[in-house]
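Student: Going line by line, the protein sequences match chains X and V.
So the first sequence is residues 1 to 288, counted in the numbering used here.
So the second sequence is residues 1 to 281, counted in the numbering used here.
Everything labelled a hint here was simulated from the structure, so no lab data went into it.
Using N, Cα and C, we set each Cβ at its ideal position, and we do this for glycine too.
Accuracy of the hints is not assured; some may be wrong.
As the list claims (entries may be wrong) - One side only, chain V facing chain X, incomplete, derived with CB under 8 angstroms:
no., residue
1, L22
2, V123
3, K198
4, V216
5, M257
To be verified - Straight-line C-alpha distance at most 30 angstroms; calculated DSS-like pairs for lysine-lysine:
no., chain 1, residue 1, chain 2, residue 2
6, V, K111, V, K191
7, X, K47, V, K134
8, X, K103, V, K269
9, X, K218, V, K198
10, V, K191, V, K107
11, V, K269, X, K14
12, X, K218, V, K269
13, X, K196, X, K279
14, X, K279, V, K107
15, V, K198, V, K269
16, X, K103, X, K196
17, X, K14, V, K107
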Amino acid sequence: MASTAAKVGSGRNKTFMAILIPVLVLFCAFNTFPLLTGFFYSFTDSKGYGAFNIIGIQNYLDLFSDARVLNSYLFTFKVAVVATLATNIISLMLAIGLSSKIKFKSALRGIYFVPRILGALVVGYVFSYFFTYIVPAITGSESILASTEWAWVAIVIVVVWQACAQTTIIYITGLSSVPEDVYEAGSLDGAVGWDKFRYITFPLIMPSVTTNMVLVMKDMLMVFDQIVAMTSGGPAQSTESISYLIYNNGLSGGQFGYQCANAVIFFILIAVVSILQTKFLNSKEEQL
Amino acid sequence: MAKDKVKERVNWPVTILLIIGLITIIFPLYMAVVIAFKDPSEMTNDIAGILSLPSTWSLDNFIEAIQVTDFFHSFMNSLIITVVAVVVSVLVHSLAAYAIGRNMDHKRIFKWSYYFIIAGMYVPFAILMMPLVKQTAVMHLDNMVGVMILYVVFYMPMNMMLYTGYLRNVPIALEEAARVDGASTWTTYWKVIFPLMKPMHATVAVITGLAVWNDVMTPLVIMGGQGVNTLPLAQMNFQTAFSTNYNLAFASYLLAMLPMILFYIVAQKQIIGGVTNGAVK
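Input sequences plus hints: build the corresponding full structure.
Tutor: Right, dumping it as structure tokens:
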């Protein structure tokens with residue numbers, strides 16, 4: 001009896017191993033392996049083709065004194081922070097509106113979600129036209145896409161326009177999970193308007209805030225499609241995101257090894273920001 | 001009593017504000033539509049010329065855009081890549097999550113595998129991109145097959161987390177009953193567990209499908225410049241070649257957006273539900 005059970009058990013284990021091993025091999029071959037290769041190339045002067053030398057940490061040293069690289073980090077973080085805050089504030093307001101007793105509720109929710117399903121590249125092209133022709137025609141000024149000082153604002157507007165859709169839906173879900181009786185208890189204590197939001201609603205939807213902050217921030221740090229569509233990093237490299245710089249100079253600029261080093265730093269930053277953000281925001285969550 | 005009173009009263013100020021707010025969503029789409037249907041000669045330099053309704057609703061721009069971007073070809077490529085990536089992801093990721101989820105609490109190798117794969121969520125494409133361009137070229141995978149394999153790998157961490165999370169709520173007693181009846185683990189999975197995970201399959205299909213359909217970077221670096229286009233790649237190539245004819249360009253953009261908009265109209269509930277589940281879980 002015991003031996004039969006053991007046999008059945010080992011057959012089950014064999015099946016599980018037979019599933020696990022090919023999946024791990026696949027994952028390692030196209031994720032872990034290129035990650036390690038990229039790490040290796042970051043210590044070389046490879047141009048992406050031909051022979052190369054191992055040059056130690058020279059690429060990393062050079063990165064820290066490279067104005068173009070530093071600018072791309074500044075630009076990316078500026079866009080990410082501003083866009084993450086703007087997206088969350090606008091989405092939370094939209095979600096509160098869309099959760100109240102309104103007419104055409106499902107139609108409104110449906111339309112506000114549309115930007116989420118559209119491709120960022122094509123949306124970028126449409127907005128590029130909007131900023132190049134429509135806005136200057138109204139304001140009579142030059143297009144902000146041509147301004148080294150303001151082009152980043154156009155990028156923020158486009159990414160926020162798209163990111164609000166999903167963020168709003170997540171907030172709506174969060175708001176709907178706040179039990180009605182909490183509000184009733186709160187209103188007995190005299191909590192209305194801003195106080196009600198500040199002291200009752202907001203702490204209770206903190207899990208949604210965490211989710212949205214982390215998701216949006218991570219997406220924004222990797223901004224790429226909108227840059228390709230709207231500015232190609234210009235004018236004067238003022239809107240070069242980290243991903244765009246790595247793509248552009250690494251694959252066609254002869255900086256393969258150098259941009260691999262940049263990508264390693266970028267990878268570490270993404271991991272650190274996501275983990276810190278989750279830790280910080282989780283500590284603010286309150287349980288009912 | 002109090003509840004009924006709240007329910008009766010429609011909040012009109014908020015309704016009206018939200019309707020006004022729709023301008024931000026609808027205006028860019030309106031602009032795309034009117035420009036796409038217009039003849040280039042109607043495009044005067046003032047804003048009225050751009051934004052007024054076309055004098056005749058002509059499909060000429062669309063017909064030309066279909067030819068110039070080789071629309072049906074790119075559309076089919078996008079469709080094949082998306083469908084294959086979604087189907088394989090649902091089959092492979094759910095199966096892998098089953099093997100890992102059912103063992104990770106008591107077997108170290110499965111637990112480590114879980115965290116190893118999940119950690120992949122923090123790996124940006126930017127760092128994999130350059131080595132993968134070389135690797136796929138050597139492996140003769142710098143084509144649609146390679147792109148599909150990459151998607152299955154890239155979305156594995158996220159989907160693995162979703163599926164293992166869902167499996168925690170599927171009682172183990174169900175498969176034990178099947179096992180007592182003599183079914184193998186493999187059969188039990190496909191006959192009992194796989195159908196039970198249907199809600200999660202929908203979520204995984206929606207988020208993987210949306211991401212793959214709209215992705216630019218992967219096909220761009222893996223199979224760019226080979227004449228094989230996905231819909232977004234076709235827009236990109238078109239942009240470099242015909243950037244000055246905006247009427248043609250907007251017809252092309254609309255064509256690129258149309259399949260997803262139609263799909264959204266048909267499956268709005270599933271798409272919103274999938275996106276929500278995928279993010280909240």
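Student: Please go over all the hints and tell whether each is borne out by the structure.
Tutor: Okay, the hints, checked on the actual structure:
{"no.": "1", "hint": "L22", "in the structure": "holds, 6 angstroms"}
{"no.": "2", "hint": "V123", "in the structure": "holds, 6 angstroms"}
{"no.": "3", "hint": "K198", "in the structure": "violated, 20 angstroms"}
{"no.": "4", "hint": "V216", "in the structure": "holds, 5 angstroms"}
{"no.": "5", "hint": "M257", "in the structure": "holds, 6 angstroms"}
{"no.": "6", "hint": "K111(V) with K191(V)", "in the structure": "holds, 25 angstroms"}
{"no.": "7", "hint": "K47(X) with K134(V)", "in the structure": "holds, 12 angstroms"}
{"no.": "8", "hint": "K103(X) with K269(V)", "in the structure": "holds, 19 angstroms"}
{"no.": "9", "hint": "K218(X) with K198(V)", "in the structure": "holds, 29 angstroms"}
{"no.": "10", "hint": "K191(V) with K107(V)", "in the structure": "holds, 25 angstroms"}
{"no.": "11", "hint": "K269(V) with K14(X)", "in the structure": "violated, 40 angstroms"}
{"no.": "12", "hint": "K218(X) with K269(V)", "in the structure": "holds, 26 angstroms"}
{"no.": "13", "hint": "K196(X) with K279(X)", "in the structure": "holds, 26 angstroms"}
{"no.": "14", "hint": "K279(X) with K107(V)", "in the structure": "holds, 27 angstroms"}
{"no.": "15", "hint": "K198(V) with K269(V)", "in the structure": "holds, 15 angstroms"}
{"no.": "16", "hint": "K103(X) with K196(X)", "in the structure": "holds, 23 angstroms"}
{"no.": "17", "hint": "K14(X) with K107(V)", "in the structure": "holds, 13 angstroms"}
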